[in-house]
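Novice: Spelled out, the chains give:
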Amino acid sequence: MSTPNKKQVRVAFIGVNPSEKVMLKGYFGFLLRTEVEFQWVAGNEPNIDLYLINEQFKGSPALKKISESSTHPHAILYVNHDDEQGYIQQNCIHLPLHNLNELKEWLNNNLKNLGSVVTAQASDAADIQTNSKQPSTLSEKIARFMKTLHKRSDKLYEFYDGQQLVGSLHPKSKKLWLQQDSQFNTEWELKASEQAVDELANTPSEDATQWIWKKVVNTPEQAQSVIDTETPVALKSWFKPTSNDERRDLVRLFTILRKREYTVTELAEAANMELQRVHSFVAALLISGSLYVAPDRMLNVQTHSELSSLHNIAGNKRTAHAPKESKSKGFLSSLRKKFGL
Amino acid sequence: MQDMKIVFTGSMGSGKTTAISSLSDTKVVSTEAGNTDVGRHSKALTTVGMDYGEFELDGGAKVGLYGTPGQERFSFVWPILCRGALGVILLIDHTSEDPLREMQFFLDTYSKFYSGCIVVGITHTDVEVEGRDPDIYQDWLISTGNTLPCFELDMRERDDVMLLVETIITSLEFD
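Chains as they are written, first to last, in my numbering: chain D, 1 to 341; chain U, 1001 to 1175.
Everything labelled a hint here was simulated from the structure, so no lab data went into it.
Incorrect hints may have been included.
As the list claims (entries may be wrong) - Partial chain D-side listing against chain U, Cβ under 10 Å, derived:
| hint | residue |
| --- | --- |
| 1 | S67 |
| 2 | N244 |
| 3 | A271 |
For glycine and all other residues, C-beta sits at the position ideal for the given N, C-alpha and C.
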């Protein structure tokens, strides 16, 4: 429902990771909270005013198709994430942004729909400087944590929980040398260590991926802040369950995700599992690197019929993923019973 | 040949016989002989025909467990064994001469005649091989956009064997 006296701006994210979404929504909200009602919509919806698109997809045929098919006047801002500098250049925002004035100016120049609204907010924004050295949001920290972990660099990192040193982590070998225990939270951070990996090579270590998985899954409330339930995720690689309790559910989720990308809500429904449990699993799999945030579904849509099927998720298409019925179901149940699965 | 079966394939010494033994209700029938290919693997005996085991379900239905000979020269047998299989378990010995090439070879070969569920198990990853990261298999699958189930496993551990079986059953349930 729209709010009276506020301009409506429809914004779609394509391929932008959850923490960057949070950051960008924060920037937009700060700049225009009193004047504009932002509607965050999927990339395949009509009348979108602004697309925020992962820079990696720049120039892709699917994006070209979206741009060409949209008759509504719209602007595109590409999104990149740099470790150091934050700025806007050539319609690309490099996060975290140093100075919100840059975004204000960009919106002024590119979003006709906003007109003077941005200007009116200018004085508020002028003094606001975000600090790229010290991340301004918690999710920004966890995004950096994930990025460093997934890069699989051959360097040793110090693993911090806030100010507390948890241990040393070597992303390439996925080894973790624990100094003290920690529960998952968005204060987790990896900082380059001056120590060489070889110095720790012969000392006992943990499997970092399994350790992180366990910690994230065991703190569901924190885990669920990593990704919302409507962002589509896709399967990158399978993850070995740590316990038999998890085995059935994890294998079920991976099997379903092999077919296409799913949001947490859709996945829970397709797997016939509790939403909260699926949400925690997905968050843990994202952090441990088995899943990735999928580019917007529109990117994968090739034909009208496929598009229809995506829109019809709750319909017949869903039943295609439901466990088999009747005779084969009986056989598969016998197999499970045989091995106590 | 049993109508319902699970096929175990993969490189020599990867644990196919061990895996079948842990699932079979009967003593596994193996056609092993002295390994004349010690350059490829140091094990003394290897499967030259095939391994066979089976288990029985409630109601009397039997599921056959077939282990294919790992050597490429027996590849003519593979399509025959895979016909109608519930699933194929591909085991790769991380310590063999060129395990990544073996995995690529098996996946490429099997894709030509089998379209059902294939699960990959990488074995012996507890043995450190200099310059060989256990992640090379996942990395290769990711680089080719292949989302096949692939796990590091120890075939002596029943839970690891069960993970393979669970994956096949779930795949059939959601197929």
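Novice: Are the hints correct? Go through all of them and say.
Specialist: Results for each hint:
1. S67: Hint on D:S67: violated, closest Cβ of chain U at ~25 Å, above 10 Å.
2. N244: holds, 6 Å
3. A271: Holds. Min distance 9 Å.
Figure legend: structure checked against the earlier numbered hints; the only hint not met is number 1.
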